[in-house]
Amino acid sequence: MSMLQNRTIYLLISLLSLAAVGAALISQHAFDMLPCAWCVLQRLIYLGIALWAGLAWAFGKERGGRPWLACGGILALSGAGIAAAWFQYSVASQLFTCDLTLADRIMRATGLDESMPGVFGIYASCMDAAVEFLGMEYALWSLSLYAVLAALALAGLTRRHAG
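Take the sequence shown: its letter number 43 is residue 43 in the numbering used here, and every next letter is one higher.
Take the hints with a grain of salt, since some may be wrong.
Unchecked claim - Estimated spans, in silico, between C-beta atoms of each pair: (1) Leu95 <-> Arg66: 34 to 42 Å; (2) Ala23 <-> Trp86: 33 to 41 Å; (3) Phe59 <-> Asp32: 33 to 41 Å; (4) Trp68 <-> Arg108: 31 to 39 Å; (5) Ala151 <-> Asp32: 17 to 25 Å; (6) Gln94 <-> Thr8: 37 to 45 Å; (7) Ser90 <-> Arg66: 34 to 42 Å; (8) Gly111 <-> Ile26: 32 to 40 Å.
Treat the hints as calculated values from the structure; they're not laboratory data. In this text, a Cβ means the ideal position worked out from N, Cα and C, and glycines have one as well.
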């Protein structure tokens, strides 16, 4: 990992985040796996990470720069994603409805559920959205990816020559 430049790390983080949203959209639109409020909140977090990392990549310098700002933002968003995925897995998946949960309130407050329903529409209860892929629930796959993104951001923070 130490061989990677920070700009490469930012690009990798951005691409992995976009791939996660792409996989979620394919699951939804091609395989009818309808998302709950916690699912679409995690999509929003992934897009936030992709944007933050993309900006760090675009405006980062090969030498110097502010890796604490870029990586700190990615770490904070990854932490929010880990918390959302864990809550979805451990609590929300046991609920009959996601109405009025934090995720539902956030998504409704953004207006994205109505303005971009193909990406952020809430179409399932949390219990119905507890779907497995390769023997593991989607929420745990998501939590794992957030942990990878956080590890990549930490690698960027610990590099001697940030770029």
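So, going through the hints one by one against the coordinates:
Remark: the range hint 34 to 42 Å for Leu95 to Arg66 is upheld by a beta-carbon distance near 41 Å. For Ala23 and Trp86, the Cβ-Cβ distance of about 19 Å falls outside the hinted range of 33 to 41 Å, so the restraint is violated. Against the hinted window of 33 to 41 Å, the Cβ-Cβ separation of Phe59 and Asp32 comes to about 40 Å, which satisfies the hint. Restraint check, Trp68 to Arg108: a C-beta distance of roughly 34 Å satisfies the suggested window 31 to 39 Å.
A hinted range of 17 to 25 Å for the beta carbons of Ala151 and Asp32 is inconsistent with their spacing of about 33 Å. Taking 37 to 45 Å as the suggested C-beta distance range, the pair Gln94 and Thr8 conforms, at roughly 40 Å. Remark: the range hint 34 to 42 Å for Ser90 to Arg66 is upheld by a beta-carbon distance near 35 Å. At roughly 25 Å, the beta carbons of Gly111 and Ile26 sit outside the given window of 32 to 40 Å.
Violated hints for the displayed structure, listed by number in ascending order: 2, 5, 8.
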